[in-house]
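Trainee: The lines below spell out each chain.
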Amino acid sequence: MDIRPGRRNYRGMTQDADALIVGGGLNGPATALALAGAELRVALIDAAEPDVRMDPGFDGRAYNLGLASRRFLTVVGVWDEIGPQSQPVREVVLEDARPGERAVAALAHFDHDEIDEGPAAQIVEDRVLRPALLRACQAHPRIAIHAPATVLATRRDDAGAEADLSTGETLRAPLLIACDGRDSPLARAAGIRRTGWGYDQTGLVCAVEHEKDHQGVARQRFLPGGPFAVLPLPGGRRSSLVWTERTAEARRIHALPDADYRAEVEARMGGALGAVTLAGKRWMYPLKLSVAQSWIAPRLALVGDAAHAVHPIAGQGLNLGLRDAAALAEVLAEAKRRGEDIGASLVLERYQTWRRFDGVSLALGMDAVNRLFSSDDPALRLIRDAGVRLATALRPARRAFMREAAGVSGDLPKMLRGERV
Amino acid sequence: MTSMQQSPTAGTNIDPGEIAKFEAMASEWWDLNGKFKPLHMMNPCRLGYIVDQVAAEFGRDPSQPEAFKGLRILDIGCGGGLLCEPMARLGATVVGVDPAERNIPVARIHAERMGLEIDYRAASAEALAEAGETFDAVLNMEVVEHVPDPAAYLGACARLVQPGGLMVCSTINRNPKSFMMAIVGAEHVMRWLPKGTHEWSKFITPDELTTMIAAAGLEVVDRKGFVFNPVTWSWSISARDLSVNYVTCSVKREVRG
Numbered sequence: 001m002d003i004r005p006g007r008r009n010y011r012g013m014t015q016d017a018d019a020l021i022v023g024g025g026l027n028g029p030a031t032a033l034a035l036a037g038a039e040l041r042v043a044l045i046d047a048a049e050p051d052v053r054m055d056p057g058f059d060g061r062a063y064n065l066g067l068a069s070r071r072f073l074t075v076v077g078v079w080d081e082i083g084p085q086s087q088p089v090r091e092v093v094l095e096d097a098r099p100g101e102r103a104v105a106a107l108a109h110f111d112h113d114e115i116d117e118g119p120a121a122q123i124v125e126d127r128v129l130r131p132a133l134l135r136a137c138q139a140h141p142r143i144a145i146h147a148p149a150t151v152l153a154t155r156r157d158d159a160g161a162e163a164d165l166s167t168g169e170t171l172r173a174p175l176l177i178a179c180d181g182r183d184s185p186l187a188r189a190a191g192i193r194r195t196g197w198g199y200d201q202t203g204l205v206c207a208v209e210h211e212k213d214h215q216g217v218a219r220q221r222f223l224p225g226g227p228f229a230v231l232p233l234p235g236g237r238r239s240s241l242v243w244t245e246r247t248a249e250a251r252r253i254h255a256l257p258d259a260d261y262r263a264e265v266e267a268r269m270g271g272a273l274g275a276v277t278l279a280g281k282r283w284m285y286p287l288k289l290s291v292a293q294s295w296i297a298p299r300l301a302l303v304g305d306a307a308h309a310v311h312p313i314a315g316q317g318l319n320l321g322l323r324d325a326a327a328l329a330e331v332l333a334e335a336k337r338r339g340e341d342i343g344a345s346l347v348l349e350r351y352q353t354w355r356r357f358d359g360v361s362l363a364l365g366m367d368a369v370n371r372l373f374s375s376d377d378p379a380l381r382l383i384r385d386a387g388v389r390l391a392t393a394l395r396p397a398r399r400a401f402m403r404e405a406a407g408v409s410g411d412l413p414k415m416l417r418g419e420r421v
Numbered sequence: 001m002t003s004m005q006q007s008p009t010a011g012t013n014i015d016p017g018e019i020a021k022f023e024a025m026a027s028e029w030w031d032l033n034g035k036f037k038p039l040h041m042m043n044p045c046r047l048g049y050i051v052d053q054v055a056a057e058f059g060r061d062p063s064q065p066e067a068f069k070g071l072r073i074l075d076i077g078c079g080g081g082l083l084c085e086p087m088a089r090l091g092a093t094v095v096g097v098d099p100a101e102r103n104i105p106v107a108r109i110h111a112e113r114m115g116l117e118i119d120y121r122a123a124s125a126e127a128l129a130e131a132g133e134t135f136d137a138v139l140n141m142e143v144v145e146h147v148p149d150p151a152a153y154l155g156a157c158a159r160l161v162q163p164g165g166l167m168v169c170s171t172i173n174r175n176p177k178s179f180m181m182a183i184v185g186a187e188h189v190m191r192w193l194p195k196g197t198h199e200w201s202k203f204i205t206p207d208e209l210t211t212m213i214a215a216a217g218l219e220v221v222d223r224k225g226f227v228f229n230p231v232t233w234s235w236s237i238s239a240r241d242l243s244v245n246y247v248t249c250s251v252k253r254e255v256r257g
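The listed protein sequences correspond, in order, to chains A and B. For what it's worth, the UniProt record's numbering labels the leading residue of the first sequence as 1, then goes sequentially. For what it's worth, the UniProt record's numbering labels the leading residue of the second sequence as 1, then goes sequentially.
Looking at chain B on its own, in the form it has when it is part of the complex:
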């Protein structure tokens, strides 16, 4: 866990020859028409939801400068930093973790170019929980469908949430429509995602997710759908349609007395 003690500038202490490689990867992560295009398309919608939930929970006005100042936010599976950078721009103290070590210098280099301070670490949620770290908000977006033991993973995530804090968790529903949309559509027809990105059997229904989150000690307070509209070619939030992509917000009640 030495990486956890590193300062955010530690990313500059890498072999200069490697920097060019990481810069190329960073531009790949941030290329709006590149292989992460589906994430970029969905990102404004995801961000809108996250910002609204965090603002409501902590009584912040996101139109004000540094609206999230003083809040510690963790993004699990941060990749190139597509969620970390907006949170840092809003003034939050941000930690981004990704078990894929090669993403970390990539994300660091991009954040530095943008003048943002973000603490990126090659680590897992479980390792962070083990070390006893806690956060005001834990962002757990499109990860749970990829882990071998979702219940254990969500247990670790819940421990990372400070009492009075929240977790935003999104994933993909399991039904014939989500099979058609997320696997046949996104991987085979549109080729938005590499084939084999998702295993349909690992998808989780909203009720299953709610039960697992509750078992982990958090309370689900909101559930919404992320719906892709092929006419406007954009994503929007739906209160009713959770049939494919959906998101939940759960809170950890403060212990009273």
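This is chain A alone, in the form it adopts within the complex:
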């Protein structure tokens, strides 16, 4: 039993919080807000300097937030701040194309009036979302932020979990929550194995300013190297680009000087937005599918990329993470209300049962879509184009697609229906 001598007297044992959340990115603060909103006390452990997190410099990263995610952000109280700074997606255009060519024809249009709940997606910049989540955490009476602090060691036993921080503090709670990303050190330390594979594809992210107004249109262009997404940013003249290339090609492009990089971008944009110039930073990361074989261990729950790092093709990573956060908050709030030990396996299993199917099926679904659309095989192109045209010609299929993209299909946690837990 790994309990410190000073705490051997259990009666005097203090719990620093109901849950220790490790990871200060997006899922960590979102999970902290979800739990705190459900009356749980939370310690949020973030390796980064709070001032760095708050730095609102434009870097071009943006997230495609589905309707369900916006409801989540409304319930935790940050949508009022970020909503006015977001860009509603009025239309999604899917195009099959080759670089340097104009799209022969758009494969499909998804008109967002087709679902009743409003625009299916809204684009929010990282520099808006990240500080908004963190500010809400700082202001919350039930969230204690420990930053900058890294976790040096954790101990979990049948009575609770402890984390030793780089600050010298040791925190104790019934439950540890890992929001520490796709290679989750906490999951690894708990002996949780991962399944996954690389894609020999690398994701490139940057932002551009363009001549013509995007008018709220998001484009997904299926290029031979992989999908190329153009997400409209607020203001009309900026877009965030997320695209994939074979890894060797991505490295080549990423190393180019700005002028040449810009030319590569413009060739892929298809000309619909006119001339483009680069804005913000450039990012590159290898793509891989990585799913944890278990999303829970004794006194540990995994949330977001720590549980399931998906292909970013549909921008579903953050939306999935928020679904995890909402489901976990609901399960824990219910358990706490009944006086259950919220870190008990019986409680954590409810979270895993609820979320794992959704997370894994989406990860595999995006993998299949990517494989299908990252091909230049003429026969495959013909089949998939016919498939997309057929699917989008049928109104019910289109509505189902839009609802899935909005994240409002399936067994939704309360927070994703806009209710408090």
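A portion of the hints provided could be inaccurate.
[Said to hold, decoys possible] Distance windows between CB atoms, simulated: (1) B:G164 / A:E81: 44 to 50 Å; (2) A:A47 / B:K69: 36 to 42 Å; (3) A:D157 / B:V221: 38 to 44 Å; (4) B:A100 / A:D157: 26 to 32 Å; (5) B:T232 / A:T195: 36 to 42 Å.
Note that these hints are calculated values from the structure, not bench results. Cβ atoms here follow ideal geometry from the backbone N, Cα and C, with glycine treated the same way.
Since the structure of chain A is provided, determine the placement of chain B on it from the hints.
Mentor: Here is chain B on its own, set in the frame of chain A:
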């Protein structure tokens, strides 16, 4: 009745050699896949009902910290403390009694490990009533079908309820379905419970239980079923299906004037 005067820490005053044995038994009680698995599976459902009834009766919001602070709650037949610990976590002052003496140190050791203060005693409901103790809530879960004289036992339980307090009492109905489910199914097919755990003839219908509770001086204000769903493999509360496991909530009216 000396045990009733013991402080909750008294459980630590036992032979260290015995502690290991009791720790092993505690982990057995709290092993979710061990021999008490059926109780663990049913527990969230039972707890949900108990918490709702206590919260409603005393005007508490269970989502708030220490929601049951100031309430004295008794669990009869506490075993390893599966109901006592949640009540203590909600802030109640909890007494757990079990006539099986060996359960008491087991429950104490587990509660201490969890940092919870619970007053566990090797005692019977009748002995507590005799001593004149009273509680805001008496939890009487899956006991009445095991006692030789249910009417006398319920009389003692009723005396333990403070005026204005309540008793939650669950048991098993007596009909062909409950015979199939609780004895053939749970004991012989699924082997959730050791054979001979239950005697079907001792099962009690909801109407019989209501009559006995009324005779004991309490008023049954709610009756619900606990229903096992073999598809989702979980228990839920049903307003209509009291055919096998069921629960009642009864109150002791305050004397006016």
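Trainee: Now, for every hint given, state plainly whether the structure supports it.
Mentor: Comparing the hints with the structure gives:
1. B:G164 / A:E81: 44 to 50 Å: 48 Å, holds
2. A:A47 / B:K69: 36 to 42 Å: 38 Å, holds
3. A:D157 / B:V221: 38 to 44 Å: Since the Cβ atoms of A:D157 and B:V221 sit about 42 Å apart, the hinted range of 38 to 44 Å holds.
4. B:A100 / A:D157: 26 to 32 Å: 27 Å, holds
5. B:T232 / A:T195: 36 to 42 Å: 26 Å, violated
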